[in-house]
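Peer 1: Here is what each chain is made of, one letter per residue.
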Amino acid sequence: MNSVSVQDADFDVGLETAALSAGRPEVGAVATFVGLVRADKLAAGGGGAVTAMTLEHYPGMTEKALEAIAAEACARWQLLGTRIIHRFGRLVPGDRIVFVGVAGSHRGDAFAACEFIMDYLKTRAPFWKKEDTPDGGRWVDAREADDAAAGRWES
Amino acid sequence: MNSVSVQDADFDVGLETAALSAGRPEVGAVATFVGLVRADKLAAGGGGAVTAMTLEHYPGMTEKALEAIAAEACARWQLLGTRIIHRFGRLVPGDRIVFVGVAGSHRGDAFAACEFIMDYLKTRAPFWKKEDTPDGGRWVDAREADDAAAGRWES
Amino acid sequence: MSIKVLYFASLRETLGYSHETLTLPASIATLGELRAHLARRGGVWEALGEGRNVRAAINQEMVGPEVAVADRDEIAFFPPVTGG
Amino acid sequence: MSIKVLYFASLRETLGYSHETLTLPASIATLGELRAHLARRGGVWEALGEGRNVRAAINQEMVGPEVAVADRDEIAFFPPVTGG
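Chains as they are written, first to last, in numbering that gives the first Met the number 0: chain A, 0 to 154; chain B, 0 to 154; chain C, 0 to 83; chain D, 0 to 83.
Keep in mind the hints are simulated off the structure, nothing from the lab.
For each residue, glycine too, the CB sits at the ideal point set by N, CA and C.
Just to be clear, a hint being listed does not mean it is correct.
If you only want the chain A side, here are some residues facing chain B, beta carbon under 8 Å, derived [stated by the list, open to error]:
(1) S20
(2) P58
(3) L90
(4) P92
(5) F110
(6) A148
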C-alpha cells in the first residue's frame, strides 16, 4: 500500500499515478506532486552560473525516513495508498527530483496527505544538495521556510 | 498559460503533467489531481447495482466556468500554468473523470491552487451525474460537503 | 422580448424539454420573474416553483433571481451541479 | 565500546572523512558527549562544536544529543537536510 524508492533513474509520472488506482475501484482521488530542478533557484545562490546539482543521501536511512513519513500520513488520514520516489545523483534544470502520489476515496484526504508528505520529506529525509558552478561546488543551505511548513502539521 | 478541455476522451496524466513544466525552467513544483469513478460511491446510492455513470454538461458554459476558476486561482496565487480536463459522457468505475494540474515556482502555491480549483469546479462547473442501474437511471444529488469545501476559500 | 431557455439534467427529464424559444410579456423583467412565469404553467412545470432547488444562468453565467433578462438572452435552468 | 561514525555532505568535505570506526572511552555515554569528544580533536573537527548547526542519527534515526550511544551503533553527523 505504501511504496518508497530512492534511485538515480528518472520516473514515469503517468505510470506511477495510474498504479495508485489500478484494480482498486474504491479509489476516487489521486493527488500527486512532482518537484523539479529550477533554473532560477540555482542561479539565486549567487556566484557563477549553475549548470547542475548533485543530490547526496544517506543510503538505508533515506528509505527508512520516507517509509516513516508515509506511515505517519496513513495514521493521520484515510488513505488507500502512497508512493514516494526521490532521486539522487547529478540533475540539471528541468529534471524531476521527487514524486509523491496519494490515493484515497476522497480528495480532501489525498490533498492533505500529499502536501504533508512533501513538507516532512523536506525536513526529515537525509538529502543534501550541492550546486555545480564553473568555480566549483556550493552546498545549498536548508531553508527556514521548510521548517515552518513542516511545523504547521504539528498543531 | 491556462488551458481547459471538456471532452469525452480519456487523457494522459504523464503527458499533461510534463507539459506543465516543459521548456519552463522556472517551474519547480507541479501539483496534480485525478478524480476517478468510484465503485463504492456508485453502489452507495442504494437500489440496483450500478455499472456506469453518465456525465451531462452545458456546452459553452462549462468551458467558461472552468476558465473563470483557473483565472481566479491565478489571481490568488503565484502560478506558472494550469491545466483542467473534465470528461463527459458514459464512464465506468475506475475511469478517470477529471484532471487538474498546477505549475508554480513553489510547492505551497501549486498545492493550494490545485485544491482550490477542484473545490470550485465541484460547485461552479455545470456538470450533472446520472448513475446507470438495472432499474434505470438515477441522478446524483449535489453534496453539501462540496459546498462547505468551496466555502472555506471565501474567508 | 424573445429569449432562448435551456433545461439540463433531471430538470430536462422532468419537463420533457431540453430547450424552447419564448416571447415574454413586458411584465417580466428579471430571472426570478421568468422562473415564476414558467412555474405557473402548472403540472411538471411546478418543478421550477419557489422552494425547489433550481439554479440558473444567463448567457452561460450563473446568476441570482434579481438579475435582469434582456432580449436574445440565453437562459438556463438546472439542478445544483455535481462535477469533478 | 566500538562504534561506526558516518559524515555527510558539507561536513564530510570539511572533515575529509566519510566514515570511521571508533573505540570510545567509558566516559562517553550519549550522542552529545560523543560530538563534544570529536570536536575536541581541534582544527577542522571544530565543525562539530557547540553552536554549529549539525544534526545526528543513531542507527539511521534522527535523535537528540541526550540519547545514549551503545556498542556497535551506527552514528551519523550531517548538516540540516534539504531534500525535495
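Peer 1: For every hint, state whether the structure bears it out.
Peer 2: Here's how the hints hold up against the structure:
With 8 Å as the threshold, the beta carbon of S20(A) comes within range of chain B, its nearest partner Cβ sitting at about 6 Å, so the hint holds. Interface restraint check: P58(A) against chain B, minimum CB-CB distance 25 Å, threshold 8 Å, status violated. Taking 8 Å as the C-beta cut-off, the interface hint given for L90(A) is violated, the closest approach to chain B being about 12 Å. The interface hint given for P92(A) is met, as the beta carbon of that residue sits about 5 Å from the closest beta carbon of chain B, less than 8 Å.
The beta carbon of F110(A) comes within 5 Å of a beta carbon in chain B, closer than 8 Å, and the hint placing it at the interface holds. Because the beta carbon of A148(A) sits about 7 Å from the nearest beta carbon in chain B, less than 8 Å, this interface hint is met.
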